[in-house]
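Visitor: The primary structure of each chain is shown beneath.
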Amino acid sequence: MPETDQTRGFPGAKAPDRTGSIDSSGLRLALNEWGDPDAPVIAMVHGGFDFSRTFDVFAPMIADAGWRVVAWDARGHGDSDHAHLYGWAADVRDHLAAIQSISSEPIVLLGHSKGGGQLLDLLDGRPSLARAFVNLDGLPSQFSSPDVNDRERRRMRRADLASGLDRRRRRAELTRRPDTIEGLAERRQPMNPRLSREWLEYLVTVGARHDDEGWRWKIDPVLHLGGFGPWRPGWSLDHLAALEMPFLGVLSGVQDDPMGWKSRRGDIEPFLPPGGQLEFYDDIGHFLHIEQTRFIADLVLKFLEPLR
Amino acid sequence: MTRRTEFLLNGSLRLALHTLAEGEGRPLLLLHGLGEQSPQTRPAWTNSWNGPVLALDFTGHGESEVPVSGGYTPEGLMSDVDAVLANRGPVTIVGRGFGAWVGLLVAGARTSLVHGVVLFDGSGIVGGGPQPPTPYVNVLPASGSVTPDPYALLELSRDPRPPDYALDYVRFVLEDSDIEHPIVVSARIRPDWLAAVAADIGVIELPLEQAIESFA
Numbered sequence: 003m004p005e006t007d008q009t010r011g012f013p014g015a016k017a018p019d020r021t022g023s024i025d026s027s028g029l030r031l032a033l034n035e036w037g038d039p040d041a042p043v044i045a046m047v048h049g050g051f052d053f054s055r056t057f058d059v060f061a062p063m064i065a066d067a068g069w070r071v072v073a074w075d076a077r078g079h080g081d082s083d084h085a086h087l088y089g090w091a092a093d094v095r096d097h098l099a100a101i102q103s104i105s106s107e108p109i110v111l112l113g114h115s116k117g118g119g120q121l122l123d124l125l126d127g128r129p130s131l132a133r134a135f136v137n138l139d140g141l142p143s144q145f146s147s148p149d150v151n152d153r154e155r156r157r158m159r160r161a162d163l164a165s166g167l168d169r170r171r172r173r174a175e176l177t178r179r180p181d182t183i184e185g186l187a188e189r190r191q192p193m194n195p196r197l198s199r200e201w202l203e204y205l206v207t208v209g210a211r212h213d214d215e216g217w218r219w220k221i222d223p224v225l226h227l228g229g230f231g232p233w234r235p236g237w238s239l240d241h242l243a244a245l246e247m248p249f250l251g252v253l254s255g256v257q258d259d260p261m262g263w264k265s266r267r268g269d270i271e272p273f274l275p276p277g278g279q280l281e282f283y284d285d286i287g288h289f290l291h292i293e294q295t296r297f298i299a300d301l302v303l304k305f306l307e308p309l310r
Numbered sequence: 002m003t004r005r006t007e008f009l010l011n012g013s014l015r016l017a018l019h020t021l022a023e024g025e026g027r028p029l030l031l032l033h034g035l036g037e038q039s040p041q042t043r044p045a046w047t048n049s050w051n052g053p054v055l056a057l058d059f060t061g062h063g064e065s066e067v068p069v070s071g072g073y074t075p076e077g078l079m080s081d082v083d084a085v086l087a088n089r090g091p092v093t094i095v096g097r098g099f100g101a102w103v104g105l106l107v108a109g110a111r112t113s114l115v116h117g118v119v120l121f122d123g124s125g126i127v128g129g130g131p132q133p134p135t136p137y138v139n140v141l142p143a144s145g146s147v148t149p150d151p152y153a154l155l156e157l158s159r160d161p162r163p164p165d166y167a168l169d170y171v172r173f174v175l176e177d178s179d180i181e182h183p184i185v186v187s188a189r190i191r192p193d194w195l196a197a198v199a200a201d202i203g204v205i206e207l208p209l210e211q212a213i214e215s216f217a
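Line by line, the protein sequences give chains X and H. Convert by adding 2 to the 1-based position in the first sequence; the result is the number in the working numbering. Convert by adding 1 to the 1-based position in the second sequence; the result is the number in the working numbering.
One thing to keep in mind: the hints can contain errors.
Computed from the model, here is a short list of chain X residues facing chain H with C-beta under 7 Å [stated by the list, open to error]:
(1) Ser26
(2) Ala85
(3) Arg170
(4) Pro232
In short, the hints are calculated from the structure, not lab data. We treat Cβ as the ideally placed atom computed from N, Cα and C, and that holds for glycine.
Whole structure, please, built from the sequences with the hints as guidance.
Guide: And the structure:
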């Protein structure tokens with residue numbers, strides 16, 4: 003389904019000022035940057051099934067306030083290489099490779115969702131990488147998904163196992179299904195029900211590629227939601243409590259958003275690092291920085307002001 | 002016999018599957034420990050097995066291919082064993098160390114294709130313990146084709162193995178299996194996950210050779 007119209011705009015969206023790549027032990031990760039290259043650095047880590055261009059509105063707002071914003075695509079996501087193997091620890095290590103390639107000095111780190119959770123791990127092991135940490139709804143807690151009993155959890159794990167193995171058996175023949183811009187946006191909508199169709203269509207044009215059959219998401223087709231093995235959301239709280247740096251956490255309280263861990267203020271507050279700031283919004287969904295971009299950007303900039 | 006080697010594909014990665022002994026019937030599949038590789042010849046403790054004896058080199062080990070930039074997880078390496086199951090059909094598994102852990106996982110994930118699993122001592126049997134250890138994050142130089150892949154050694158020696166997670170897989174096996182005792186523990190070393198498995202009412206303990214005989 004070839005189409006001639008291959009562009010979409012979105013108010014405030016800006017392509018990166020610079021692009022490049024990072025080497026993570028032979029794997030190439032795509033890098034995007036916005037803002038003055040000599041400005042203080044803030045690195046942004048996207049969540050699962052996202053890619054760095056999902057910061058196309060948020061990052062320019064931060065950059066316009068005097069920051070150099072750097073973001074990269076996780077392995078298998080966006081314009082980064084597809085890997086043979088994927089795992090939480092490998093993502094964390096890729097983040098380390100990226101951060102070390104950007105600066106030898108501590109920088110500000112910001113992570114959304116899975117990216118925020120992975121930065122919690124990284125900073126527990128490598129605290130000197132950051133001089134401040136912003137976590138946007140990436141604070142898993144042991145209280146997440148309280149309605150799932152053990153039997154149901156086992157059933158879900160078993161189904162996830164089988165589908166994961168089946169997918170890997172078919173890996174050589176897996177491709178992302180082609181569609182129109184509108185079609186891909188519509189298919190993504192269930193993951194992003196609170197985001198506008200206009201935004202999702204824009205995302206297609208920066209997160210999918212076009213060929214003779216139409217548009218296909220760039221993400222490796224072997225990847226799927228879930229599949230974290232024995233990982234427990236509550237383990238992340240140990241990492242949170244271990245932090246010793248300025249910290250801003252922002253939680254979405256929208257319980258019917260299909261994405262995110264649904265942690266509540268009371269789940270997280272006991273584990274905040276000394277002086278840590280936690281904000282909770284029950285009217286903004288999991289993709290806070292996209293749904294309420296200006297509001298969240300201002301919140302982050304206010305937090306960062308003493309660090310300029 | 003001199004072992005015969007063939008290569009299977011897991012995605013685009015080549016896996017070495019060695020035949021250590023020919024025979025008729027269901028194969029016995031040996032899974033090696035962390036940092037090891039398949040034996041060159043049939044181990045004496047398999048002598049009671051009349052069927053074929055196979056041995057798989059995990060990704061990044063032995064003659065199997067090394068992936069770019071690691072990413073090893075026990076769950077990911079289940080697909081190595083699954084590639085053998087897709088190629089050979091049902092097998093009985095003997096896993097050493099790390100191979101015992103993967104053997105249990107894949108037995109739970111592919112209950113119709115794993116006809117019994119023996120869990121035995123070997124390198125990597127402990128893993129990272131019941132909870133994640135303090136994060137150790139380090140970027141290693143690209144290792145090329147050298148095995149064992151340093152990333153395999155790093156990542157597969159630190160994976161958390163909560164006992165209740167292991168017991169989920171025991172439940173998967175016991176719920177589906179038509180064998181009275183489809184999981185046999187022969188290991189003497191008992192990290193928390195394996196102690197929990199051995200204590201499960203549906204699991205028995207036997208010396209290695211007897212364990213293999215029980216599935217022959």
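Visitor: Min Cβ distance, Ala85 (chain X) to chain H: is it shorter than 7 Å?
Guide: Check passed: Cβ of Ala85 (chain X) comes within 6 Å of chain H, closer than 7 Å.
Visitor: Can Pro232 (chain X) be said to touch chain H, with a Cβ gap under 7 Å?
Guide: holds (4 Å)
Visitor: Classify the hint on Ser26 (chain X) as holds or violated, based on whether any CB of chain H lies nearer than 7 Å to its CB.
Guide: With a closest approach of 5 Å, the Ser26 (chain X) hint holds.
Visitor: When the nearest CB of chain H is found for Arg170 (chain X), is that gap smaller than 7 Å?
Guide: holds (4 Å)
Every hint from the earlier list agrees with this structure, and none is contradicted.
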